[in-house]
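Novice: Use the sequences and the hints to build the structure in full.
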Amino acid sequence: MSPKYINLALMMVSFFLIINILITLLFNSSIIPSQSIKRIVNGFTYSLDTSPPKCIFNSSGIVGDIPIDRCCLQIQSQLSCDPINSTEFNFKCYTSKTSERFYLINKKTLNYCENVGFYVNTE
Amino acid sequence: MSILNKNYLTTIYLTILLVILIYVNLGLSTGIQIESPTNIKFDRSTNTLNLSSMTLRQKIAQMFVTSGKMANREILQNMVVGGIHLGGMSSKQDFINTINYFQNNSVIPFLLTVDMEGCINPFENFQNFSSLKEIVTTQQAFQVGSDEGKMMKDLNMTIDFSPVVDLNDTIWNCRNFLGTPQEIADKAVAYINGIQSQGIIATAKHYPGKTLTLADPHTSLVYATIDENDLLPFRDAIRNNVSAIMVDHVIANGSVDSQGKPSDASQQLVANLRANFSGLVVTDETSMLGLRNFYSNIDQVTVEVFKANNDLILYININSDPNNLYHAISVVEDAVNRGEISEKRIDDSVTKILSIKGISVVT
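Those sequence lines, one after another, are chains A and B. Take the first sequence: its letters are residues 65 to 187, numbered as in our numbering. Take the second sequence: its letters are residues 8 to 370, numbered as in our numbering.
Because the hints were derived from the structure by calculation, they are not lab data. Since the structure is predicted, the reported quantities are computational estimates derived from the model, not experimental observations. Ideal Cβ placement from N, Cα and C applies to all residues, glycine included.
Here are the computed distance ranges between Cβ atoms for each label pair:
id	chain 1	residue 1	chain 2	residue 2	range
1	A	P147	B	A282	48 to 54 Å
2	A	N149	B	D161	37 to 43 Å
3	A	F108	B	S60	42 to 48 Å
4	A	T114	B	N260	34 to 40 Å
5	A	I82	B	S60	38 to 44 Å
6	A	F108	B	T187	48 to 54 Å
7	B	R246	A	I148	43 to 49 Å
8	B	E42	A	I82	28 to 34 Å
Computed footprint of chain B on chain A, listed as stretches where at least three residues anywhere in the stretch have a Cβ under 8 Å from a Cβ of chain B:
id	segment
9	74-85
10	121-134
11	159-169
12	175-184
Specialist: Pasting the structure below:
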């Protein structure tokens, strides 16, 4: 094979590796790279979603709005966040399925929390 | 011939460049490698640790409590992070498995923390407890505290970031005790005594009070005028030997003054608290948006809460990226090396934390 073609191939591979390094340095400072990819996707989804973030806490029927960053901290400590059918909210987060105390959040809140690094168990 | 030589020379250069790029890419894809530390002289048979055998980074790491996500175990163990915070789980066995998973092979055992949150119970899937709001008498408060403490003791946990002793909760409406300031203080003391009767550390929070009432619900810190009533439950808790106090981000004036700073970043406020309290001073979660928005960046937040002389720094929000914590430790290390924070101040807090873990410190 001609050295010209070998050099061209080497240049192309080098170019892609440089691009990969730049992307990694710009968007991914993570020890666990797959988590950062998830964060980029969440960030993109979050920026596309123009609805306001919503988070409420239902305490045996008494409902209160929760500040979003405190909400993120709280829902991270829940056992699970399950999808629900509601026009206003998309997930119910709880420490027990039968609990009278639980959080209701919309998708915007979920994406925000995940985007800023909180873990939310929606599995 | 010379063109051919030139091409071969280019091929050699490009190959070298390629090898370097592959090496860098592999390094990035595997992330920061933190080896299991071998320098720490910790005699498990006598539970004695030589503090001077720890690096500054390791001592700073001991002052952080972060989230206990199982995938991060090895990194947290190797960084020698001080504590892990656990949220809701399905069963008692899940807690036991998670705790064993973290503690096994840890160089220094983690502090294991949980937050009963007054009305949000991480054990709720298998064990119910009364919320603070439902507690009517001091006897009941002691019993609830004791029952919760027993559960935590059974699970080998160390710290409960409870109770809330704020006089009002207009956000959750269930996280605090109800009654007059004195009744709230009495119930809080009884509950704390109940928890601590089981060998678990109770945390009176959120100092100096008025933290569960709203100013801006989203991005700003709360400004509050603190009066003597707000401080009463904390003073009674201190008089009755509460082991820990959590300081919040509220910007306080009145009976205590945080001088325009968030309370947990205020050297004066924490110093005044420490004048009457020798226990563990804990920050509230430092990644909260309001706190980050108050300062120019999260690095400044981290340095300020260390400078303010807190013992234990909550940095729960690292699930997705333990590199954030690695970075935070580096930022504090730099501040110590610049002389902004004294190493002795770090040593004092680490000694306190290790003593809570039942470890005797020698230097």
